[in-house]
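Here is how the chains run, residue by residue.
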Amino acid sequence: MSLLLDLFLTFAKIGLFTFGGGYALVSLIQHTCVEVKGWISHDEMMNVTVVAESTPGPIAINCATYVGYKQKGMAGAVVATLGMILPSFVIILLISFFLDNFMEISWIAHAFMGIRIAVGILILDAGIKMVRKRKKRPFPLLIMIIAAVTMLFIDIFAVHVSSITLMLASAVISLSVYVVQTMRGKRE
Amino acid sequence: MIYLDLFIGFLKVGLFAFGGAYGAISLIRDIVLSYGWLSEEMITYMIGVSESTPGPIMINLATYVGSSQGGVLGALIATLAVVLPSFITILLVMIILKKVLKNPYVQAALGGMKSCVIGIILATGIFMMLQPCLGSLQDISVDVTAIIMTVVLGAVYFGSRKFFKRGISPIGLIGISAVSGVLVYGFTLGF
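Sequence lines, in order, name chains A and B. 154 is the number that our numbering gives to position 151 of the first sequence; each next residue is one higher, with no gaps. 110 is the number that our numbering gives to position 108 of the second sequence; each next residue is one higher, with no gaps.
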């Protein structure tokens with residue numbers, strides 16, 4: 004089997020059988036690419052995960068792209084990434100064709116009214132976990148709180164401010180504070 | 003034009019989706035609402051579906067929104083747009099710019115964005131928990147059934163960690179909430 008086909012099928016299989024997104028996918032990618040296929044070393048895999056944390060986008064896509072690139076250059080990167088995406092794409096596309104019809108069945112609509120409540124809880128839980136994982140320093144904590152309060156205000160009063168604007172503002176503020184601190188440090 | 007809007011909208015999502023799936027969920031919700039592509043309720047339902055189907059949540063959401071607005075082509079455009087920034091950044095960073103991430107100025111800016119994302123996720127979670135219970139400011143409607151379900155499901159989900167090592171999984175909670183939705187709303191609104 005050609006390597007490109009192997010890359011495509013391997014990542015398609017990972018995409019098809021992993022529920023829960025994010026880190027569930029990473030552990031399966033690690034198992035498959037490091038231990039089974041030997042496509043990438045354990046250290047390199049760790050590196051990709053660390054970099055993926057600081058770059059945008061799904062961490063699973065980051066891993067697939069990099070493993071593909073290491074094995075077969077640009078073609079490998081494209082093929083592995085497409086393999087990773089394909090199962091989700093097909094499954095959701097099928098669901099999207101039927102969802103509106105499904106929603107007209109009353110017990111399914113009721114089930115979704117229940118699911119709606121679970122989704123809020125899950126998102127809040129994810130936020131709390133991230134707060135716990137991060138080092139507690141006053142300045143990042145302050146940004147976090149201000150961002151949370153501002154975003155809540157935006158949501159409640161339906162103000163037209165994008166969360167991207169909030170993120171860019173936080174980057175600028177954080178960078179300016181760092182610059183001021185280092186300049187002061189040099190003067191003393 | 004819807005295809006161009008989808009492309010630009012999801013390119014923005016892909017470019018700013020720090021903080022994993024939940025950061026992406028907050029962003030997608032924000033962008034989808036601002037373009038008026040889906041209703042608040044429909045987005046929440048789709049987040050539930052995306053968590054219960056395989057693959058990265060961000061891809062699932064992009065495919066769904068794209069398909070609902072522009073059919074198969076829309077789904078294709080939205081999905082590729084959401085992936086494109088991470089595809090390019092990871093290659094750039096791993097191959098050419100490995101040192102860039104270690105630069106203290108870059109670190110400072112990234113640190114600001116990461117803290118901000120956590121705040122945004124917290125706010126989104128709180129707002130999405132309150133909304134089924136109280137409605138929106140423009141249309142306040144207190145739903146006692148939803149309030150009771152929120153309290154019970156929250157207690158079950160967070161409480162389960164005290165009894166089992168890892169607690170109930172997100173898919174587990176979605177399953178439980180779907181079944182209780184069928185039962186509770188079935189009894190109150192009629193099957």
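Heads up, a few of these hints could be off.
[What the hints assert, rightly or not] Cut-off 20 Å, straight-line C-alpha distance, at most; resulting in silico cross-link-like pairs (SDA-like, lysine to any residue):
#1 B:100 - A:52
#2 A:132 - B:169
#3 B:100 - A:49
#4 A:16 - B:56
#5 A:189 - B:56
#6 A:73 - B:5
#7 A:189 - B:160
#8 B:14 - B:71
#9 A:73 - A:39
#10 A:136 - B:160
#11 B:101 - A:136
#12 A:16 - A:35
#13 B:100 - B:17
Hints listed in this document are in silico derivations from the structure and should not be mistaken for laboratory results.
Does the structure break any of the earlier hints, and which numbers would those be? 5, 6, 7, 11
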